[in-house]
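Enquirer: Between the sequences and the hints, there should be enough to build the whole structure, so can you do that?
Residue numbers (this note's numbering), protein chains in the order written: chain A, 1 to 326; chain B, 1001 to 1275.
Treat the hints as calculated values from the structure; they're not laboratory data. Model, not experiment: these values are computed from the prediction. There may be inaccurate statements among the hints.
[As the list claims (entries may be wrong)] If you only want the chain B side, here are some residues facing chain A, beta carbon under 10 Å, derived:
hint, residue
1, PHE1084
2, PHE1113
3, ALA1117
4, LEU1131
5, LEU1135
6, ASN1175
7, PRO1176
8, GLU1206
9, PHE1207
10, VAL1222
11, THR1269
[Unchecked claim] Partial list, derived from the structure: chain B residues whose beta carbon lies under 8 Å from chain A:
hint, residue
12, PHE1040
13, VAL1118
14, GLY1121
15, VAL1181
16, VAL1183
17, LEU1187
18, TRP1189
19, PRO1190
20, LEU1192
21, VAL1193
22, TRP1204
[Stated by the list, open to error] Now the in silico label distances, taken between C-beta atoms and shown as ranges:
hint, chain 1, residue 1, chain 2, residue 2, range
23, B, GLU1167, A, PHE236, 26 to 36 Å
24, A, SER72, B, TRP1189, 44 to 54 Å
25, B, TYR1026, A, SER130, 50 to 60 Å
26, A, VAL32, B, GLU1060, 32 to 42 Å
Think of the CB as a built atom: it goes at the ideal place given N, C-alpha and C, for glycine as much as any other residue.
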Amino acid sequence: MATAEAEIAERAAGAAGTAIQPQKSQLTRSRVRAAWLFLTPMLILLVMVAGWPLFRTIWFSFTNANLSDLGSARFVGFENYLAYNDGEWYGVLADGEWWNAVWNTLKFSVISVALETILGLIVALVLNASFPGRSLVRAAVLIPWAIPTIVSAKMWGWMMHDQFGILNHMLMGLGLISAPLAWTASPDLAMTAVILVDVWKTTPFMALLILAALQMLPTDCYEAARVDGIHPVRVFFKVTLPLIQPALMVAVIFRLLDALRIFDLIYVLTSNSKDTMSMSVYARQQLVDFQAVGYGSAASTLLFFTVALCVVLYITFGRVRFDGGR
Amino acid sequence: MKRLLGWTGFYVLVAAIILYAVFPFYYAIVTSLKAGSQLFSIEYFPMTWNWDNYVSVFREQPFAYNLLNSVLVSFAVVALSLFFGVTAAFALGRVQFRGRGLLLMTVLSVSMFPQVAVLSGMFELIRGFGLYNNLLGLVISYMIFTLPFTVWVLTTFMRDLPKELEEAAIMDGANPWEIIVKVFMPLMWPALVTTGLLAFIAAWNEFLFALTFTLTNTQRTVPVAIALISGASQYELPWGNIMAASVIVTLPVVVLVLIFQRRIVSGLTAGAVKG
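Expert: The following block contains the structure:
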């Protein structure tokens, strides 16, 4: 809306400019020219590192390209996606391991983002209260965010070690488990371990986004609620939550898009285990380990369109504006 | 009485949050200071201060090279993305032209690309330029995730600068480049520090491209080097070395974050909250 109006106003001004003040229009025109001059290097770079590789990946997904010899790729149509040959289905879409990866990714994304949102909300509410040492807590909370994903995977990998890990030691000390657990190796626990580490690592991000939203809330409705003697829990659900909901949704979407493409953490914590393999790990395994660029690109392309679909759905239903208008 | 109970509960919660956030890193430090078989006895406090792991991580592999590579790549990424970010932000934030909204949206949408979706195309590109196993290839490929948010944050910042400054400069006959360098840059340093730091951290922590586009030990960046540290067998990972290396790479980032926490928080929330 705002941009549309601005654009109309701008066009009107432009038209008026040509009619009445030719000098101003010349200035505007030279500014627009300078703008494009300044934009072009950035756009060329972005096309080179994002547009072109994406286009090539999609192209490779329709070929039988091999990593050792990309040049001799031959067009094979949809064979990498789905093909029927001698009574059997082939291709990514017929691969049980791919669907396993899809399911793992979805499970991981939904559970970890849900947990992060709840924990982030709690941390943000704590940080929003004023108490001595608040900045210290905020600094402490930022630490997991700052630690490289690889390092946090290794740190937790060590803490979750089946024999010498401190996590088992703590849980046994508390009497919660009777025997050490093989966190990262056992099929039942591997996904839990991955989620645990991811929640630890990304809750700060969530908490900070929510905190920023909390700090922009008007104080008068809280005073009104206090005067009326309404219970804080009720105030939270009736006032705070609805007011921060838009910001909360943005944070959730950001995190979901991030979670859907997870690679590092799973790759390092549980390597190529089938129990935790995500779509990105599957695609990279095909691409690099098996050298099947065509097939791997098909998987990458599917992941890209999954993420793109989420963005489109969100923009359509969330009525978000990415135009940067005032 | 109820108030006291409430405050106690609150501080228990605060303590739990701090412990939860800090303990894993603290434990990595404790572990890195142990040597030999001490590693396998669980202790909550550092009983000995043994620096052997810190020495052996440099002796047993080219870790100094890895650190240098990470530093070079990260600084180059910051410099390049700030340069292209500032010039583009001037055009997107200060000049009204048709298609501006669409352009901004396109730039932002790039930040949602899954890295693996461009992996094979990027691999071909990097090999085509002869940059495989070369740090320059990493620098160029990292632009895909640093450039979009740099442009975005700097554009939002530049848009809100007062118009009068620029008008005065135009009156004095300054050209757009002079306006950027002499008028806006001095005002923009907070935004530059924020975006620069975020770009630095993103480049410092990147793993997938660094793993795929480098081959030899001496060309690797630190995250890849740490991930690939291995022992005599799969079951004998040298945990002491791994933890020492982890502490070495994490300390600079943690120090940076603690010093600039306000800037980083404002940068992280800049694009998101306005929606």
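Enquirer: Now tell me if each hint is right for this structure.
Expert: Outcome of the hint check:
Hint on PHE1084 (chain B) holds. Least Cβ distance to chain A is approximately 4 Å, under the 10 Å limit. At about 6 Å, the closest approach between the beta carbon of PHE1113 (chain B) and any beta carbon in chain A falls short of 10 Å, and the interface hint on this residue holds. For the restraint placing ALA1117 (chain B) at the interface with chain A, the shortest Cβ-Cβ distance is roughly 4 Å, inside the 10 Å limit, so the hint holds. Evaluation of the LEU1131 (chain B) hint against chain A yields a violated restraint, the C-beta minimum of about 12 Å exceeding 10 Å.
Using the Cβ-Cβ criterion of 10 Å, the hint placing LEU1135 (chain B) at the interface with chain A is not satisfied: the shortest such distance is roughly 15 Å. The restraint placing ASN1175 (chain B) at the interface with chain A holds, with a minimum CB-CB distance near 8 Å, inside the 10 Å limit. Interface hint status for PRO1176 (chain B): upheld, as the beta-carbon distance to the closest one in chain A is roughly 4 Å, under 10 Å. The restraint placing GLU1206 (chain B) at the interface with chain A holds, with a minimum CB-CB distance near 9 Å, inside the 10 Å limit.
Residue-level restraint check for PHE1207 (chain B) holds (minimum Cβ-Cβ distance to chain A is 4 Å; threshold 10 Å). Taken as an interface hint, VAL1222 (chain B) checks out: its beta carbon lies about 8 Å from the nearest beta carbon of chain A, inside 10 Å. With a least beta-carbon distance of about 4 Å to chain A, the hint placing THR1269 (chain B) at the interface is held under the 10 Å criterion. Interface restraint check: PHE1040 (chain B) against chain A, minimum CB-CB distance 5 Å, threshold 8 Å, status holds.
Interface hint at VAL1118 (chain B): satisfied, since its Cβ lies 4 Å from the closest Cβ of chain A, which is below the 8 Å cut-off. Given the 8 Å rule on beta carbons, the hint for GLY1121 (chain B) holds: about 3 Å separates it from the nearest Cβ of chain A. Because the closest C-beta pair between VAL1181 (chain B) and chain A is about 12 Å apart, greater than 8 Å, the hint is violated. At its closest, the beta carbon of VAL1183 (chain B) sits 14 Å from a beta carbon of chain A; the interface hint therefore is violated under the 8 Å criterion.
Violation of the interface hint for LEU1187 (chain B) is found here, the shortest Cβ-Cβ separation to chain A being roughly 18 Å, above the 8 Å cut-off. Interface hint status for TRP1189 (chain B): violated, as the beta-carbon distance to the closest one in chain A is roughly 19 Å, over 8 Å. Using the Cβ-Cβ criterion of 8 Å, the hint placing PRO1190 (chain B) at the interface with chain A is not satisfied: the shortest such distance is roughly 16 Å. Taking 8 Å as the C-beta cut-off, the interface hint given for LEU1192 (chain B) is violated, the closest approach to chain A being about 16 Å.
Nearest Cβ of chain A to the Cβ of VAL1193 (chain B): about 16 Å, over the 8 Å cut. The hint is violated. Annotation: TRP1204 (chain B) was flagged as interfacial toward chain A, and the flag holds, the nearest CB pair being 7 Å apart, inside 8 Å. Checked against the given bound of 26 to 36 Å, the beta carbons of GLU1167 (chain B) and PHE236 (chain A), roughly 47 Å apart, lie outside it. Taking 44 to 54 Å as the suggested C-beta distance range, the pair SER72 (chain A) and TRP1189 (chain B) conforms, at roughly 52 Å.
A C-beta distance of roughly 27 Å is found between TYR1026 (chain B) and SER130 (chain A), which places it outside the suggested range of 50 to 60 Å. Range check, VAL32 (chain A) to GLU1060 (chain B): Cβ separation about 58 Å, and the 32 to 42 Å hint is violated.
Checked against the numbered hints listed earlier, the structure breaks hints 4, 5, 15, 16, 17, 18, 19, 20, 21, 23, 25, 26; every other hint is satisfied.
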